[in-house]
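**Q** Take a look at the letters that make up each chain.
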Amino acid sequence: MKVSVTVNGKLVEREVEPRTLLVHFLRDHLGLTGTNIGCDTGQCGACTIHMNGMAVKSCATLAVQADGAEITTIEGLAQNGHLHPMQQAFWDNHGLQCGFCTPGMIMAATKLVANNPNLTEEDVRHGLEGNICRCTGYENIVRSVIAAAAAGGGD
Amino acid sequence: MGSYIGKSMKRVEDPRFIQGKGRYVANLTLPGMAYLAIKRSPYAHAKINSIDTSAAEALDGVLGVFTGQDLLNDGVGALPCGWQVPNIKIPVQYALQVDKVRHVGDRVAIVVAESPYIAYDALDLIEVDYDPLPAAIGAKATMEAGVLVHDEIADNVSYTWEIGDMAARNKAFAEADHIVELDLINQRLIATAMEPRAAVAQWNEFTEEMTLWTTSQNPNLTRVVISAFTLQIPEHKLRLISPDVGGGFGSKIPHYPEEILVPWAARRLNRPVKWVSTRSEAAVSDTQGRDHVTKARLAIKNDGTVTGLDVNTWADNGAYLSIVAPLIPTAFYITLLSGLYKIPGIYGNMWGTLSNTVWVDAYRGAGRPEASYVVERLMDLAAQKLNMDPIEFRKKNLIPAEDFPYQTPVALQYDSGNYQGLFAEAEDLSNYAQLRADQAQARENGRLVGIGVAGCIEASGPAPSAVAGALGGVTGFWESGSIRVHATGKVTVLTGAHSHGQGHDTTFRQIVADQFGINPNDIDISHGDTAVITNGMGTYGSRSTSVGGSALVRSAEKVRGKMMKLAAHLLEADEADMAFDAATGNFHVKGSPDKAKSFGELAFAAYTAHNMPAGMEPGLEEDTYYDPANFTYPNSAHIAQVEIDKETGQITIQKYFAVDDVGNVINPMIVRGQVVGGIAQGVGQALWEGAQYDAGGQLVTGSLLDYTMPRADGFPMIQTSRTVTPSPHNPLGVKGVGEMGTIASTPTIVNAVMDALAPLGVKHIDMPLTAEKVYAAIHAANGGGH
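Chains as they are written, first to last, in our numbering: chain S, 1 to 155; chain Y, 1001 to 1786.
Isolated chain Y, as found in the complex:
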């Protein structure tokens, strides 16, 4: 068969999508299905005095109207927080609020009706009597707001976290030749997966089994949470199915209140029930991302050596803690502050705050983009201070290739890398010297052309379970992978990872095909159904191939081991004299390729079981729970050229070069697609996107009319290249690619814009770098004239 790993195979999942046959949850219709709609708070903070549902209940076609009291009476539990750092104060959160609402969009009541139109009509007939309260807003400002989001949590601080080498930091700043300071805001984002969330539930009153179709990145994990904490339906009686899911980007990780309300209503009414989020509803109910206020300092020597980094960050979690919210600004953020660099004195400190806004959790990159942004903005300002080229300055501080594995002062041990090689490739790909020469020429002609550079790191492939546990994780982060070889030699693969655009069906077929020397078309990948996949952790943190793919390799090795024994037995050879030929899929006697049993012959023999070795059971299927030994550390060097229109402040990205080291690559087409898509998402943060709340807590960017998404005309063709340092601790040598582009492109573009504005003396503008802000900065730099 030959090797499939490394080939750009076309995706096997595409035919259904391009013909409109995607199996999204919203497409599901069941006989007798009813429709659920949610009454949401129009206030950011208010006391609920009373809820009058009588008019809604009287509407023809309404099957039921329910409030939080109905759920409490039924014993429905609060939503848990799955990442508990020391001394954390976790606010209580129910699916429907009873006494108080704490953000616009908070849940107050539900309607179930015969049609969605009737359900929405009935929502308008529910009368809620509120006493509006002042709102606490702003990641840092909420601490001084004088308003408590939860009465029992003082100063609106849910948790704090700090890590680093304080003595080394103090020494670095005491002995520094220069200290570069930066106050920045990493603004809040709305994930905006194109498929709005949805849920359909069906209750079987006789078996007491619940089936829930839900738009989740991790249905097995969510099943555990529902069973153990919220609805408390026994895990073996609860089936979650997440079929085709239309993008996640972190926003489909959490266990959502709707995953309680929909099955609860289905059981209560004994009818299948469906809920589909509108986009406006998504804006006030999906978890949002980022939202940091940061004060940072970098200690440098005159020769360009960076000696210290000190970071204080206030991270807004919104009104409640989502499932892994406290992980993001702690162990996924401060631990990444070493970047690609050898910095002896790093110390990071953060406050996890609550506010009267929508909750915040993982969003593509999740903490790691925020860390790279801090480091890479400071590196540029430091290079500028010393009048050094930003690449030269970075190269002076890169961790040398011979220093791997490299222990940072902030807990992580980087597995492998060649950062010098990475930057050399980026300079080569971009023809960096020429870019700078062209820029000098453009500046002479009075044009605002900027070149931005960023070198970024990610800790991906979460996570060694013991490490996760030590850092606050309530669960482990292994992945399951099972291989079922059928009697006819066809193969079913079960994975706990979940594909919501990543193309696992294709990538995992390539991995397994190479393990057995068989055709990928003889392999089927099954994911996203807890009745088929017993246990799994799902997809986030660029983990699917490094953790989930490794589980499949281990299972394949076990299957091959059994096949080898069986082949030796059938060929009457000693097992030690046997070999496996991956090119043909044959198990043969060493030096005698003709004395062989094929993959298909052995599969059949394992199930007929007429002639098995002593003690060997029939059958050919193996399971693995793969717990990674470490994170993996993808890294990147990106370079962009932008030009600013002085008259309007409008930014044009003229050129973009991306070099990424994601370790070994299974499918280069899919990997490049992830890189380019990730870059666009990171550029969105740099230039256009931002969730904005007013002082009263109203989300003023609550629709796609107001929240500026990246569009096709915002980008040039991206020029990409890769360097490869395989991860040494997983069998595929892969590192992960889902988030790298997003992490790298945000600082790359901001650095490019600041480079363009450098001749005007502009040091920093907070994102998004809208034309309005850039124009104002140009205007101010020109002394208010033009």
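The following block holds chain S by itself, in its conformation from the complex:
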């Protein structure tokens, strides 16, 4: 089947098998390997991207469902060589260690802040329940998101 999607501001068209997962489409067909795969049951959130303005787990979405959609991946977040405030906050606050969950965390967190710019620690902890990190114990991720919110770090 033919899929046409706008990814990070660029329209792309590809032939895919109907069963192709969106995350495989991004990684294997478009070479956007920043979106990681950490599980196969939609639990870990490493594959979180933005699709039509929502944070979406791309391992639980078919590529064909994205036909006509606007998608932003972690590679599309920095603009004109400037880190997004959320990326900067993760760096400043040691919000990552191995880095594998980080793209999904950042993509989920930017939507979290966009939806609630004045969020509390509890809001962040609750809002990131769908993203698993094994390294950090979450604390510096929470600090990063709160810092980014103060810096206007929604999407």
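Treat the hints as calculated values from the structure; they're not laboratory data. Note that this is a predicted model, so its numbers are computed, not measured. Every clue listed holds true.
Derived PhoX-like pairs: lysine-lysine, alpha-carbon spacing no greater than 25 angstroms straight-line:
1) Y:K1385 x Y:K1763
2) Y:K1295 x Y:K1342
3) Y:K1490 x Y:K1007
4) Y:K1021 x S:K10
5) Y:K1565 x Y:K1490
6) S:K111 x Y:K1021
Label pairs and their calculated CB-CB ranges:
7) S:T6 x Y:P1726: 52 to 62 angstroms
8) Y:P1405 x S:M54: 52 to 62 angstroms
9) Y:N1521 x S:N118: 31 to 41 angstroms
Glycine included, every Cβ here is placed at the ideal spot set by N, Cα and C.
Go by the hints and put chain Y onto chain S.
**A** Coordinates of chain Y only, in the frame set by chain S:
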């Protein structure tokens, strides 16, 4: 330049990760690459009658389907065990099984195809005819299962190990005023590094060189094992690359069957081949952790003195022995049973068993958390028995600061510490007296509030090679560190340690920058590629800074020594009159800072070689193999406050205080990150995580739907502090930090929950302390009513 050690420098590795440019193995694509998938056993134990691969081979896009017989015909060797305690019985394990499968997920066949989707389609077309057999399950129960995992290993016992002072133990228990007994289970865990394992291999038919990209914590060590034992590709023709690795926690130490299958297939088909584990596959193929059944006794006097500890443990190794599996419940477990305490009569005894489950090996802390858990649960029960405050009771038994170095009755000699100071800081940080007063108030109001305390020790920085050899290690445990100063004064550092989240690129730059008085940005750290790093041991056991960092200091000292001689020569001064100024990086005549040669000038002079001292070779690079004199002994005192919802059994961690002595600290931000991350992992064991097998050997927690990982909403902000007693035997005075939080938080949280339940008379609940179990305990304590 000033000192970089002790500064919270932001990590140099982060920009690529936050922009989605991490260099993980799964991201690698090579021209002409094919994809491998593995047919795994659905049974815990079964005889393989036949394997029919014809339908899979006929599928369009399939390049080959192979079984264990193909590997045997090719002379591929069995996976070795690298830790051999006396009289150990090592079961034979091949990458693909031929006659029998011994756990769910055991390997039966492989498919290589043009795409991963086709490879998985083909797996379903392989017909394996099995005769299912009964399964042997349970660390202790497997001995009486009446089923042998390996026919040649009686009672499913692969090895036993014991150590201690039996006479002192017997005396302690004979003369004890009280004996506290505890039967406990330290449940099995699934490591769950967020990056699933992966491998890519490329064969060069002309040079006969194999390159293997693999998610390893120790690529050099794995290269040795592949060369010497399994694929037997000569070591100089085999290159392993472990680029960015997304967490390990011990599960990426072993040499895995996939590291045989992927390069074997690449050579056989003369195509680059890639395999990426799914999470479900990881659950039945990554090494798992812990899994002890323990019976323990503590001998105490009426005044609160602990005199004896007796421990019997059954440790499940799974169906086969992973690379260092026998180390974990022996020399990394029983030797730590002295904890922070002066206990004269300790004796430990263990049985290393086999079962029809996934193999078990190192998992964050690896043996040492299990030891601390036994000791710290007993200390709490003993304090309760004597009606003493748990901190007062512990303080009565702490090893005095003046007793270091301290020889325990279980082989180790602790290098340094101030445990009284550690506990004083923990009481201060937590305002402990106030916590207890608040708890008393809460109890009066009928609330189940508990305060947990644990004091823990780790033997980290493995290991003195001769000691490792004496204890069963097949290899040594030194680390390599090389410094290459270039002609322009820039520096390349090679380390055999491997970073998979620890931030070595930043920490090691800080160490080397201070050695030369140069800017960290003029230094590059190289690790994880055996073509660049000739030999190395890798990262585990909180060893990278104390062993790997020390190797770099020694190499830097050698480089500085040569630069000093060269500077003296160029300045026409006597070397004895020269000094190095770490603040400027200048080598100058003592008392004459202007008569100096800079780091950059000397580097250039060493390579132009126009004017060298007699007998000095050009160039400026040095290597070191650093073999530590002892382990290091990080220690901690953690305190937590929890509250239990009586109606649901739900536990909330309200406050958590962590004081750790990890020796000197290079980067406080990174160290704190390790402590906090470690705490979360240990809390995971205490409250949520547990690999569960049913009686037939099915893993019923085989996905993240069933295996409960710690989530962001499970924690309060952690309050941390540090005390510092430098390690006296390494040049940095560091002890190691990677595992301390995990070791300490598990008993801290369990002790807190048991403290909350103490008024109900509940003495012990085995982990994980799920709401269901806690609710049942409350319900039972209330006589079945509510």
